[in-house]
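Chains as they are written, first to last, in this note's numbering: chain A, 1 to 637; chain B, 1 to 103; chain C, 1 to 172; chain D, 1 to 497.
Among these hints, one or two may not hold up.
What the hints assert, rightly or not - Cut-off 25 Å, straight-line C-alpha distance, at most; resulting in silico cross-link-like pairs (DSS-like, lysine-lysine): (1) D:Lys48 with D:Lys105; (2) A:Lys460 with A:Lys570; (3) D:Lys159 with D:Lys105; (4) A:Lys574 with D:Lys439; (5) D:Lys439 with A:Lys570; (6) D:Lys158 with D:Lys105; (7) C:Lys133 with B:Lys27; (8) A:Lys607 with B:Lys97; (9) D:Lys111 with D:Lys48; (10) B:Lys97 with C:Lys133; (11) C:Lys144 with C:Lys133; (12) A:Lys26 with A:Lys118; (13) C:Lys95 with B:Lys27; (14) B:Lys97 with B:Lys27; (15) A:Lys392 with A:Lys535; (16) D:Lys25 with D:Lys158; (17) A:Lys607 with C:Lys95; (18) A:Lys607 with A:Lys539; (19) A:Lys167 with D:Lys48; (20) A:Lys535 with A:Lys460; (21) A:Lys118 with B:Lys27; (22) A:Lys392 with A:Lys538; (23) C:Lys95 with B:Lys97; (24) D:Lys439 with A:Lys118.
As the list claims (entries may be wrong) - Taking CB as the label site, the calculated pair distances span: (25) C:Ile17 with A:Gly624: 53 to 63 Å; (26) A:Ile631 with D:Ala19: 21 to 31 Å; (27) D:Trp458 with A:Thr552: 36 to 46 Å; (28) B:Arg91 with D:Trp458: 21 to 31 Å; (29) C:Met167 with D:Arg461: 52 to 62 Å; (30) B:Asp92 with C:Ala160: 19 to 29 Å.
Hints listed in this document are in silico derivations from the structure and should not be mistaken for laboratory results. Quick caveat: nothing in here was measured; it's all calculated off a predicted structure. C-beta atoms are modelled at their ideal positions from N, C-alpha and C, and glycine is treated no differently.
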Amino acid sequence: MEYTVFILLLPLAMFLLLGLLDSKLKPRVAGILGTLGMTVCAALAYFTAYQFFTQPRNAEGVIPSVTPYNYEWLRFTENLHIDLGIYLDPISVMMLVVITTVSLMVHIYSLGYMHGEKGFQRYYAFLSLFSMSMLGLVVATNIFQMYIFWELVGVSSYLLIGFYYTKPAAIAASKKAFIVTRFADLGFLIGILILSFFTKTFDFATLTATPTAIITETAGATFLGCSVASWALALIFMGGAGKSAMFPLHIWLPDAMEGPTPVSALIHAATMVVAGVYLVARLFPVYCVTPEVLELITTVGAITALYAAIVACVQTDIKRVLAFSTISQIAFMIVALGVANDTDLHEGLGYMASMFHLFTHAMFKALLFLGAGAIIHAVHSNEMSEMGGLRKYMPITHITFLIACLAIAGIPPFSGFFSKDEILTAVMNKSTFWGIWMTVVAGLTAFYMFRLYFRIFWWKNTDCSHHTPHEAPLTMTLPLIFLALVTCVAGFIPFGELVSVNGQPYHIHLDWSVATTSIIVAVCAISLAAWLYLKENKKPTAMADATRTLHTAAYRRFYIDEIYLFITHKIIFKGICAPIAWFDRHIIDGTMDMFANVTQWVSARIKGLQSGYIQSYVWILLMGTLLIAAITIICLL
Amino acid sequence: MEIPMIYYIVLSLVMFFAGVYGFITRKNMLMMLISLELMLNAVDINFAVFNRFLFPGQMEGMVFAIFAIAIAAAETAIAIAIIINIFRHIRDIEVDKLDDMKY
Amino acid sequence: MELLPLAQQVIFYLLAIVIVVCSILAVTTRRILRAATYLLFVLLSTAGIYFMLDYTFLGSVQIAVYAGGILVLFVFSILLTSHPGERCEKTSLTKQILGIVAAVTGAAVCAFALFTYSWPAVNLVETGEHPIKALGHALIGMEKFQYLLPFEAVSVLLLACIIGAIMIARKR
Amino acid sequence: MNFLSFFVLIPILMMAGLAIARDMKQIRTVAVTFSTLQLGLAIYTVFKYLAERAAGNAQDMLFQASTMWYEPLNIHYAVGVDGISVTMLLLTAIIVFAGVFASWKIEPLSKEFFLWLTLLSIGVYGFFISIDLFTMFMFYEVALIPMYLLIGVWGSGKKNYSAMKLTLMLMGGSALLMLGILGIYYHSAPEGGQLTMNILEIAQNNAIPHDWQYFLFPLTFVGFGILGAMFPFHTWSPDGHASAPTAVSMLHAGVLMKLGGYGCFRVAIYLMPFAAQELSWIFLILTGISVVYGAFSACVQTDLKYINAYSSVSHCGLVLFAILMLNNTAMTGAVMQMLSHGLMTALFFALIGMIYGRTHTRDIREMGGLMQIMPFLSVCYVIAGLASLGLPGLSGFVAEMTIFVGSFQHTDMFHRVFTIVACCSIVITAVYILRVVGKLLYGAVQNEHHRELTDATWWERLSAVTLIICVAAIGCFPGWISNLISNSLNAIVERLS
């Protein structure tokens, strides 16, 4: 399967081609070239998936993982070396499919959405760069390769968020996204360093094959009461949490919506943000040897899920709502991983559920974002208050959006139902408390999604006197329809057969008690949303007024951003950087200047001796001579 | 030759230190030059006197006195040329005004 | 010069008084032209001293070069650079004191050295005047006690001086 | 004659050529021809070196040659190269080449400018090829002195102050160095043996007593460390770089600061391994501070060159930091960091110079939205920034990661903790780089007059593109250069154990 290397090289070539030629290409040509490249790439990915999953299973019933390509890129020591390679196992192949599909859809969609934008070619170049990096990330053979592509996706995300580089908000958002994730990456890097120091390898295959090695190697080494192994893994998770926008590192994601909407769909909904989940899944056997870290992961995920869901309920910018919903949904996946275990298939249900949700979520969240893009394209605003009653004007968008909302709310038979149900079951198995917690979050999800849906498509009958919204062009609706179809059928894919914690096929069976509960909760939430938002009325405002404090707090995202702002500006900039700069200029440099000044002062003082007046010289010369003469005479006497 | 050698030397001594005094106190460059001539002259006397009294058969002292006079003449010529040149530039020949090239 | 001892003494004292007085006046007078004149007296008296010592050639050189040549230069330059009757400004008291201190201590130390030194017994031989011919040989000879090298050096120096003086003083 | 001497000879010929050049065109022709020649020679050296190694030549230094120069002190003109010097020679040649194009329109006194610049490069080349302590020191001085004139005459801002400060501080460093070198010389052979200045012989004799090493190691390390901008001796760097003309900043930050790191390797660590191990912790603290401190300082600067100078403090701090880790990987990282920092900082300074040449200000508060006005320069600036903050695929990442991984392999806990402290710089670097990029390139145009400015000319493009290609090449294919360096380091590392 050596051809898989072209899945990476093709987008890279596209990036170089489009990036270097830039404005020398016609926008249209650039767009089509990029899309074609991605199409080939997607075809290759599908073929890979087909080939991979149809392989004969080995004796344990596991699909053997394949490393079709591995190149030693940089050697550090005897054991440590960064390889660039391709590692195919169920989850990476699944990710290949997800990424290429969504990316292809976004490529096609952008042909219409970004039409006429300045820097169209650049946009496609960045998209290709991102696709390349993301694909490289998921097929990484070793943790350092992952880190490399991890950084690359970070940069592509930075470039794409800041695509409208004249808009201050976009610049700030891109900067924020990069720096927050960079901070998380610091944890990732330190985690890698610690892990590799003890296990003497970066290689995933080796790491996961002997996951207990880290425990034996680090035996006795503790730091602040926890074993070094836990620290390493927790730090690596920190990297994942940063990319996946887990609380409290989530602050960059809502702001990242300043980027073009298709970018949000690709990067900040479907692919890049699930990198954290993927990272934990990739190292899952290793995580399993440190249960305390898994508990940490569960807790972080659960808090994030609830937090994001609450905030999503009161946001007014549709992309922000979707962003918080993304955070919340990723938190679902994280929680599912946290409650899983690799002892057997049943214990490891969370792992499978998490991956399944990742898959379905990527499709319907991309759909939601692309739909939102179509709406924004039509209304020229992100604010809900500008919208309403759009169902008449944009039928295709309406239907596909509804499908996606139903999917995310967990209504059968849409894909979200199946995956979310597995997650709830897994959580319920582990702990009832978290199970109820997550069910509540699922309910909230249904509520805020339908709040969004009703608010956009129903609410009022828009007069649209000055501007009539119209359905998007074909290039934009086609991806919507495609993704909607996928959303409808994805739930029936026998996902557990392909992906499971130890690779053996797992037959998904619905736990009807959990499923029924969640459906009931979802339906109630939807009804509540319908009651509040179906027709234009004063109820929502009244409710908001009734819970003013909570509402404002949630609207301001519980002031987390303000706290960050305080820390960065007041503490880091004013409290550390500025004093250091002052110290440097005045104390350190001052000391150096002082040496110079003292020297100068002394010379100025003794300069009088070198007056330049020949008479003083003569006088001094004479007196000196006389002194010497006198001394000589006295001595001779 | 009734006059003892020491008389001559004391004479030149007085002349020399008169020159020193003049050189140190006067600001006018020409005056300094005059003082300088006094000192040179005192030295010439010493040459001649030592030659005469201590080594009467030889003439080193005299020869060197002649050389000294020649060099003094040369030096004076140059010095005066310089002084006049300076005078042309700054209309003055006081030494303490000559500080353009200082520092 | 054959002179009576008394006459010798009288002449010496006369010359000595002229030299001492004129030297001191030369360095203290505030009129520069007078200073030059005093210098002339000093130079002439010095020439007198040389004559007394039987160095007639030296004495005549002294008169010709110093009194005749250099002094004329001085007078010219003085006239060029100052107005007639102009007085130099008074030297400051500090400077005077410094000068006096330097001169007096210097003189004292030298005098002390002179008077405490035990001179070799001066065996004054009446040699009369050195023949000019011998002097001429000494100046251009290359043997021991002959001075061709310094002579040439001085001649080159003089040449350089002439050129230098012209270069410096000429108008640009 | 040994072909390494051409590294010194070609610039001398170039100076002769410049001396007879009459107008700007001829000056440029001469400069371009010779710097290209030099670049060719550097590349040739790399290949020849690799071929020689492949042929199995296992000497520590290849292409050695030695000529007696001053008998009483046994000073030789001795040359030889290993992987590290070859890398540095290549770096120098690239930067000089780019620097020539960056100073295409230097005014006034262009001929003199190029003459001094060439003299500076002679010093640098000579330093890298020398294996005799005294020759090395002499070339070091040759490289320092022209700086004074180059900054003082062609600089901007407080140029006299900066030139003076830079020269005096570096001279202070070389005074320490002179002392250190003499100390090494007088202990270079066992009792009664022939004293020598040759580094290889000194290393072979290994005769410097331990108590003397305690004294000489700090002298030499600080002496070179001053040039490597080690805290607290870095303050010449912000002022010096800010005032220097473009090509000089490039050469200075790009190459001259590397003399410090290279010297620490070649003299301090290689010749005094015992003290290096015993005293490394002191300097580790200092360099660790440099790394973080430089980055923090850069965060609040407003002058582009100051930002870059502090960033250089941080990055060069990392070089010395890694050297002190005393293991092969970290030291390989250090050399790669020298190379990488040299290239990208030269790129930065070149771009800043080009921007400054147009806007006549370097204050980021007075500029904005340059991306719309000069897209080419802006894109290059972004690339340089990304390289600086360690984007994979560009050289900074490779070097930093090699350093971090290598440093973290140290068996001592203290060293590992300090590695983590140094790692923090990657975040701070991102902060100040993005701050500049955001303010300078993105956003609305601050000054309406800037709208009329033009984008890069062909020679500016050539200069920037050369550097970018090198940065990207190292970033994408680091393997061969890492092997080249790491093989040469074995000799040094063996002495340490």
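Hints not upheld, ascending by number: 1, 2, 7, 9, 10, 16, 18, 19, 21, 25, 26, 27 and 28
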